[in-house]
Amino acid sequence: MQTEPILRVEGLRTTFSGDEGTAVAVDDVSFDVNAGEIVGLIGESGSGKSVTALAIMGLLPKDTARVTAERILFDGHDLVRASEREMRRLRGRAIGMIFQEPMSSLNPVLKIGDQLIEPIRIHERISHRAAFDRGVELLSKVGIPSPIQRMNDYPHQLSGGMRQRVMIAIALSCSPKLLLADEPTTALDVTIQAQLLDLLLEIQSETKMAIVLITHSMGVIAECADKVVVMYSGRIAEQGPVTEIFDRPGHPYTKGLMQCTPELTGNPRRLTTIPGSLPSLSALPPGCRFAPRCGLALPTCEAGRPPMIGLRGTHASACIRADELVAAAAQPEEADA
Amino acid sequence: MLAYTLRRIAQAVPILLLVSLISFGIMQLVPGDPAAVLAGPNATPDELVHLRQTLGLDKSLLTQIMIFYGNLFQGDLGYSIILGEPVLKVVIERSPISISLAIYSLILTIVFGLFIGVVAAMKHNRWIDQVAMAFALIGVSVPNFWLGLVMIVLFSVHLGWLPTGGYVPFFEDPIGWFLAATMPALSLALMQIGLLARLTRSTMLEVLGQDYIRTARAKGASEPRVIIKHAMSNVLIPVVTVLGMILSVLLSGSVIVETIFAVPGIGALLGNAILGRDYPMIQGGLIFVAAVLLILNIAVDVLYAWLDPRVRVQ
Ligand SMILES: Nc1ncnc2c1ncn2[C@@H]1O[C@H](COP(=O)(O)OP(=O)(O)OP(=O)(O)O)[C@@H](O)[C@H]1O
Ligand code: SF4
Ligand SMILES: [Mg+2]
Chain A
1 MQTEPILRVE
11 GLRTTFSGDE
21 GTAVAVDDVS
31 FDVNAGEIVG
41 LIGESGSGKS
51 VTALAIMGLL
61 PKDTARVTAE
71 RILFDGHDLV
81 RASEREMRRL
91 RGRAIGMIFQ
101 EPMSSLNPVL
111 KIGDQLIEPI
121 RIHERISHRA
131 AFDRGVELLS
141 KVGIPSPIQR
151 MNDYPHQLSG
161 GMRQRVMIAI
171 ALSCSPKLLL
181 ADEPTTALDV
191 TIQAQLLDLL
201 LEIQSETKMA
211 IVLITHSMGV
221 IAECADKVVV
231 MYSGRIAEQG
241 PVTEIFDRPG
251 HPYTKGLMQC
261 TPELTGNPRR
271 LTTIPGSLPS
281 LSALPPGCRF
291 APRCGLALPT
301 CEAGRPPMIG
311 LRGTHASACI
321 RADELVAAAA
331 QPEEADA
Chain B
1 MLAYTLRRIA
11 QAVPILLLVS
21 LISFGIMQLV
31 PGDPAAVLAG
41 PNATPDELVH
51 LRQTLGLDKS
61 LLTQIMIFYG
71 NLFQGDLGYS
81 IILGEPVLKV
91 VIERSPISIS
101 LAIYSLILTI
111 VFGLFIGVVA
121 AMKHNRWIDQ
131 VAMAFALIGV
141 SVPNFWLGLV
151 MIVLFSVHLG
161 WLPTGGYVPF
171 FEDPIGWFLA
181 ATMPALSLAL
191 MQIGLLARLT
201 RSTMLEVLGQ
211 DYIRTARAKG
221 ASEPRVIIKH
231 AMSNVLIPVV
241 TVLGMILSVL
251 LSGSVIVETI
261 FAVPGIGALL
271 GNAILGRDYP
281 MIQGGLIFVA
291 AVLLILNIAV
301 DVLYAWLDPR
311 VRVQ
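Which chain is which? The protein sequence lines are A and B, in order.
The first sequence begins at 1 in our numbering and counts up by one.
The second sequence begins at 1 in our numbering and counts up by one.
It is possible that some hints are incorrect.
[To be verified] EDC-like, lysine to aspartate or glutamate: derived pairs with alpha carbons at most 20 Å apart:
| hint | chain 1 | residue 1 | chain 2 | residue 2 |
| --- | --- | --- | --- | --- |
| 1 | B | Lys229 | A | Asp114 |
| 2 | A | Lys62 | B | Glu223 |
| 3 | A | Lys62 | B | Glu85 |
| 4 | B | Lys229 | A | Asp32 |
| 5 | A | Lys62 | B | Asp129 |
| 6 | B | Lys123 | A | Glu124 |
Think of the hints as simulated: they come from the structure by calculation, not from any bench.
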């Protein structure tokens, strides 16, 4: 595996201006994605995962969103400073994206085939016939039966799972180096979720593209990702290799997320949820944003933003008690009564 | 699609029957004796009797209805009292004038309404948007007869660019037709341009916020491609549904506008028929206009179904 990152996000910040002033949705987010790697981006609803992905793609609404960053390096381009023209050449060709909402992400009045081969027609000089043939091939690759007929269907004739397969095919059509998959399975039912994740993993092992996989679920991270970035309230709480974080979580929020996941605890009775909810963007706590919900909070936690503490290797956590947590995890866990 | 079209046509038949019944009823609703009203205060009793006979008013209501529909199904709309000619013949002579005027103003409405609406949406909240919406508001608020008169004063009387009105058949002299029809068509269209521009703008803004537009951008689509291929195809669907209404308004507005510009179309014909209490002409004209509107509305519905695959393909 290469170690040169294909994507390097440094100090990404995104604000939205609205009627009630300016809201900081993503605040100083930095992470790397190496070529061929699957990076899981996890956090509860509203933590800024989609905004992060859309900021990388340059797809946030220009009139309300403001994106700044030291740099967002992708394959030699600085995406924050790239012209719209340069971004258009990357989108759909070098970076593919799959969205959270399969039901509304396809244009209802255009044929599946037209929508599928559009990136090919935009980015490559190739005849309609050849593009159509590639479209058929892509549809069968993502597991859609009778692909030739489906090319002439309209989105409303397909189920949600099938539509998301089409979205995957669209994102893959120009063999991107990076795929941003924003909760590709959340809106679908459980059996279809598993099928689609398997499909993504299978395609990834074939093409070796890098994937940023956004999810709500630690189970998905455990199954798919090499590295994980945990977001909380627009900031990174913790990041590092998946095995490292699962063995020695360095942030109480990550621990909480793991305890919410029955596949990980192996014991449904011990399933807990984290009490409370995300702070509102208009009333963010001054210090650690997790402090109001944190069982380990100390008075100093509210004083200022906890710095990123480097742990073993690339593992880092934004909790002042990170070292303690990691050390405790290293001890064999005491059995509960 | 074919079944849908046939069903829409079948639905139109009862509407047409109802309209004809209403237009038949107009004569019955005139207070007192329609013949006396028609003939005026100086009519002799002989004249009244004669008029009642020609209008069929001396027969029972049921017989009158039967005769009315019997004639209607044979394409006989009666004789115009003022012109002394068969109503159908007059209507057929005059309708191309009004229909060409309506088509011209419909084209103006679609071209300018869509263009202004799309540009305003693309420049949302910028000065172009504000100017466009101010213009649309003026368009919606200005009565067409006032606009017509102002244009006559400006372009005909002061500048002498365009004739004050009249009509030149298109196939005899297209340029003459164009010069004569422009002001009437514009005064008919302005309000509709304003309405369509506002509808187009709000629909376009809504469509531009949809997820599939984001998908198009994520493919690397250029802005013109996003607007024309992905957004317009969705904006046109609600726009087409109001075309039927716009056409009705354009045709009914022609009564006033044709009178102002001395255009000898159906509108002016109906206007004169109303002023002159030419009941057969009013009845025939109403039925004819209703039939034209029904046909156009069916065409619009079929177009709508054809544009939206969610309706077309099940
Ligand atoms: N276009 C926008 N305008 C204003 N605020 C926005 C916009 N998009 C997102 N936000 C805000 O930014 C914050 C982060 O939203 P985001 O969509 O990134 O969450 P998420 O982590 O993807 O959540 P989910 O799991 O529900 O998808 C939220 O508070 C949201 O309200
Ligand atoms: S910094 Fe304090 S409040 Fe924040 S997660 Fe760590 S212990 Fe909890
Ligand atoms: Mg999201």
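Hint check results:
1. B:Lys229 - A:Asp114: 11 Å, holds
2. A:Lys62 - B:Glu223: At roughly 13 Å apart (the allowed maximum being 20 Å), glutamate 223 of chain B and lysine 62 of chain A satisfy the hint.
3. A:Lys62 - B:Glu85: 66 Å, violated
4. B:Lys229 - A:Asp32: The hint is violated at about 36 Å.
5. A:Lys62 - B:Asp129: 17 Å, holds
6. B:Lys123 - A:Glu124: Violated: lysine 123 of chain B and glutamate 124 of chain A sit about 31 Å apart, past 20 Å.
Checked against the numbered hints given earlier, the structure breaks hints 3, 4 and 6 and satisfies all the rest.
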